[in-house]
Amino acid sequence: MSGGVQIPVRVAAIETVGRDIKRFRLEPRSGEPMPRFSGGSHVVVTMQSGAQTYRNPYSLMGSPDDGSRYEISVLRTGQSRGGSHFMHDTAAVGTALTISHPINLFPIDQRGRKHILIAGGIGITPFMAMAEQLDLLGQPFELHYAMRSAACGAYAESLAARYGRRVHLYQSDQGRRIPLAQLLDHQPLGTHLYVCGPGAMIEWVMSSARGAGWPKESLHFERFLPPPSGTTFEVRLALSNRTVPVGEHESILEAVEAAGIDAPYLCRGGACGQCETAVLSADGELDHMDHYLTPEEKGAGRQIMICVSRLKGRVLELDL
Amino acid sequence: MNLVFKTDETFRDNFVFSKTPEAIRHFPFPFHEDSYMYAVNIEPHTKGPVGSATEFAIDVDEHYVAEMAERALVLKEDPLRCQALPHMMLAQWDVLELLMTSMAQDYPEHFTLKRDGDRWHWVNRPLAIDQHFVFGDAATLPCQPMEYVTRQCQGDFCILDQRENNLWMDAGIATAQADWSLDFDIGMNFMEWHGPVPLAHELGVFDRALKFLLNLQQGRPVRRLNWTMTINPRMDTSPEKYHKWGADRATVTPENAGQKVHLRVELQGLWRLPRSNAIVFSIRGYLMSLADIAAIPKWSRRLHRVLKTLPPELIDYKGLTRYRDAAVTWLSQFDDGAPTSPGCAPD
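In the order they appear, the protein sequences are chains A and B.
Letter by letter, the first sequence follows residues 1 to 320 of our numbering.
Letter by letter, the second sequence follows residues 1 to 347 of our numbering.
This is chain A alone, in the form it adopts within the complex:
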């Protein structure tokens, strides 16, 4: 199993928590407790819809210290490749899914003297467990949560009720915006900052913080890229001696898996590096979409992260 040890689960509860956002409670089918996890972890959920398999990463939201259930939130995306639509339209209480063991690419830096958590929209999900863990450990934190409107702000009220003055909410339809400059300016030494949200928000927070003199070691972000769409092409798999077509709305990894070939992966979002694959030849330009390879490595064109990157061309030959 290239995605690691899998845990069979069933959907135990579904709740609508915001516009186009549903919360799913997952319980182990075996009845055995699931692993504890660290705040910021995600699991890759495997969904079976007839002959079609979908795999999406979702942040774990519940208590890191509760092995009896995991909780995830799923935003129904406009250009879903199937996964989020399956979860919203087909999954019901009792639906069987499998999940990976928890993987954390967005951990709390335990050395931090204080933690500033900045969320945009559905980017709130990893912070649900992080806030709980920080609270449990008695570590100081502030959560700044920006949303389009109150209707879009899943969990805003329960977070405010639970953590009180540590939670700050900003609704852009009310003209409220995170006072970032002020926030960056007034933090004690040893403060760590974490941001999860839309790409533009991450850019804004990270570049503002760097501009304000924050060390990069104190800045953390999580950005899961859904695999972008593009034009169709073929991958020629040298080790498997197969040729597989990649559709417009399909990643190379998904196309390879659909052909029954086991390829390594962990995050499926261009972050972890696990699916790095050697490029043997390409008759067009590689469209690197990940944030794992360095600009030099991307330029050299000898590797590709097959979970998100594509070819602008006809045939890509891989060492797979």
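It is worth saying that the hints were derived from the structure and are not from the lab.
Heads up, some of the hints might be wrong.
[Claimed, not checked] List time: in silico BS3-like cross-link candidates among lysine-lysine, alpha-carbon distance up to 27 Å:
1. B:76 / B:6
2. A:298 / B:211
3. B:211 / A:216
4. B:308 / B:298
5. B:308 / B:318
6. B:6 / B:241
These figures come from a predicted structure and were not determined experimentally.
Mind docking chain B on chain A? Use the hints.
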């Protein structure tokens, strides 16, 4: 294996140490072929054959009680052998959970763990310990959780914090180490503490190993074997105690090498820890004299060939320079030139 603990063994001064035939076959002989070079020799830490050192995730053997007494002696003389930076407390509890659950599951006749929420009850019969404590509350244990549990578990341990795409040695206990110092390495990152290793950097071994470990997954522990040699069955060959063991290396002759020279194998395990996202790195050392190795014809034949062809840089780095020739001469009596079978296991 039906374990009978040897309670009177010593790993210093008069050196009282022996191996039963079962323990000899239990030894994790590290050479799968007749020569040795560095490789990223990492494999899944799954259940090995019955009676082998990898039968269980955490191996307990006949030297358990004596090794724990040796650890207590070392810690009494030098408390800095066990250190944890303040941000590693959560990881310490992760390690305690891993070791206690594993030992209780695999050796139920010796260890019992009962859990009622965060109220835990631990019984260690070989060491006559019966402890109630609250998981997560260090004040309910006689010392910090990592020290508490590793005083009851064979092998040295390092806990590695993961951040900035690197691993940092921010906690550990080392009382039976092959010439490295926790007190010196604490707080260093993966590349820093591996700095002194020759040849491997050029081969890119550490770049690949680090990349692999950064993605180590929960529920998928891995292991590798490392080795060196030690004169006399001495567990504590730390830099701090160099004045005690350094001179031993000049006492080896072709006549006494069989008794004096020990192959020291480290079974190294790596686990991703659940609550802290840290990695625990266990270094379980096994000592066996060349004379005991000669009980397994395949092993003595192969060790002779490995030592004879070892690259000079490795002879120096592993500290074998002064006695390698004597060991090769002693082992040559068991090497008839016959081919050896593939793999590490005895024929």
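Hint check:
Distance restraint check for residue 76 (chain B) and residue 6 (chain B): the Cα-Cα separation of roughly 22 Å lies within the 27 Å cut-off, and the hinted pair is therefore satisfied. Between residue 298 (chain A) and residue 211 (chain B), the direct Cα distance comes to roughly 18 Å. Compliance with the 27 Å bound is thereby established for this hinted pair. Restraint check: the Cα-Cα separation between residue 211 (chain B) and residue 216 (chain A) comes to about 20 Å, which is no more than 27 Å; the hinted pair holds. Using a Cα cut-off of 27 Å, the hinted pair residue 308 (chain B) and residue 298 (chain B) holds, with the two alpha carbons roughly 16 Å apart.
Pair hint residue 308 (chain B) plus residue 318 (chain B) holds up; C-alpha atoms about 14 Å apart against a cutoff of 27 Å. Simply put, residue 6 (chain B) and residue 241 (chain B) have alpha-carbon atoms about 25 Å apart, close enough for the 27 Å limit, and the pair holds.
Of the numbered hints listed earlier, not one is contradicted by the structure.
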